[in-house]
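Student: Sequence:
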Amino acid sequence: MLLSYFSSGFPSHVKGKALDLSSDDMEYFYSPFDGRIERIEKFVVGRPNKFAKVNYDYLILLRRENGKLIKILHVEPFITVGEEIKKGDKLGKFLINPYTGGDFLHAHIEGLRIKFPKLTKYDERGIGKVVNKCKSYFDVEIITYSTAGNLRGLGCCGGLLNASLPYAGYGGIIGIDKVNEVKIGKMKFFVHSVKKRNIIMFEARKGLIKNWEYTPSFKVLEGKPIYGFPLFEAVLSINSLPRVRFFIKNSNFNEGDEVDVWELINSPSSLYS
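All the letters of the sequence shown, read from the start, carry residue numbers 3 to 275 under the working numbering.
Please keep in mind that the hints were generated in silico from the structure rather than gathered at the bench.
In this text, a Cβ means the ideal position worked out from N, Cα and C, and glycines have one as well.
Any given hint might turn out to be false.
[As the list claims (entries may be wrong)] Using C-beta positions, here's what the derived DEER-type ranges look like:
#	residue 1	residue 2	range
1	I240	G48	32 to 38 Å
2	K212	Y30	35 to 41 Å
3	R49	C136	17 to 23 Å
4	K131	T217	36 to 42 Å
5	I240	N268	25 to 31 Å
6	K19	I240	18 to 24 Å
7	F220	K70	27 to 33 Å
8	N68	I240	19 to 25 Å
Based on the provided sequences and hints, a complete structural model is requested.
Tutor: Dropping the structure here:
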């Protein structure tokens, strides 16, 4: 199962208050909670995205048994308002809309108390195999991954990398509290101080994260890059292999090829045929 905290440009992610969660079949969303559906609202998404298959999204509000309200997006529901939901129930189908097109299929979830585990194993080699090759991108499943608790990810700067770069201009390194510098490929970033434990956040320019809800947020809503055109997105996993998606058209790689992710990030020209 894939998940991500910091590869989205929406403010709740930048603040560390949301996560994107897939499923093992990467088609249907299964509720992680027991609860009751309080609200379902369908709305049109005006943001452009060449990968989108539909132009709408759903807002689903689920009241957990502890009384807390959970917000869910990017899922077309199979359930109705007032229905009781048990953990593991099939809640709906993932949408490929202007918010999610080009990303791994997922549900956006807010309302959780998010904690990050401490690093338990570190491996920065980044060796993986190409899977799911499409016309505009291909995915690499990371074999030599790092771990933090039950999370797996691409090892970077002493922790697990979770980011979409250079597009979003920010990201997170999970499992650690301190780092001397953040250098990813040829890109150097500033460390942004956060209060949460076991997480380092970084930004392309000082003040980017602090002032995200101003110009950067509006750029995201227009589908425009914050820092540069997309090269790759590194996401995490639980009980499966983490992935890195390279946004490259007509690459010279085929499914099953073994690649060195860091070599591709350090020398992007090698991605082209």
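Student: Given a hint of 32 to 38 Å, does the C-beta separation of I240 and G48 actually sit inside it?
Tutor: holds (34 Å)
Student: Between the beta carbons of K212 and Y30, is the distance compatible with 35 to 41 Å?
Tutor: With a Cβ separation near 37 Å, K212 and Y30 satisfy 35 to 41 Å, so the hint holds.
Student: Is 36 to 42 Å a correct range for the gap between the Cβ atoms of K131 and T217?
Tutor: holds (39 Å)
Student: Using the beta carbons of F220 and K70, state whether their distance is inside 27 to 33 Å or not.
Tutor: holds (30 Å)
Student: So does R49 sit 17 to 23 Å from C136, Cβ to Cβ?
Tutor: holds (21 Å)
Student: Tell me if the beta carbons of K19 and I240 are separated by a distance inside 18 to 24 Å.
Tutor: holds (20 Å)
Student: Measuring from beta carbon to beta carbon, are I240 and N268 in 25 to 31 Å?
Tutor: Holds, since I240 and N268 (Cβ atoms, about 28 Å apart) stay within the stated range.
Student: Measuring from beta carbon to beta carbon, are N68 and I240 in 19 to 25 Å?
Tutor: holds (22 Å)
In this structure, every one of the numbered hints holds.
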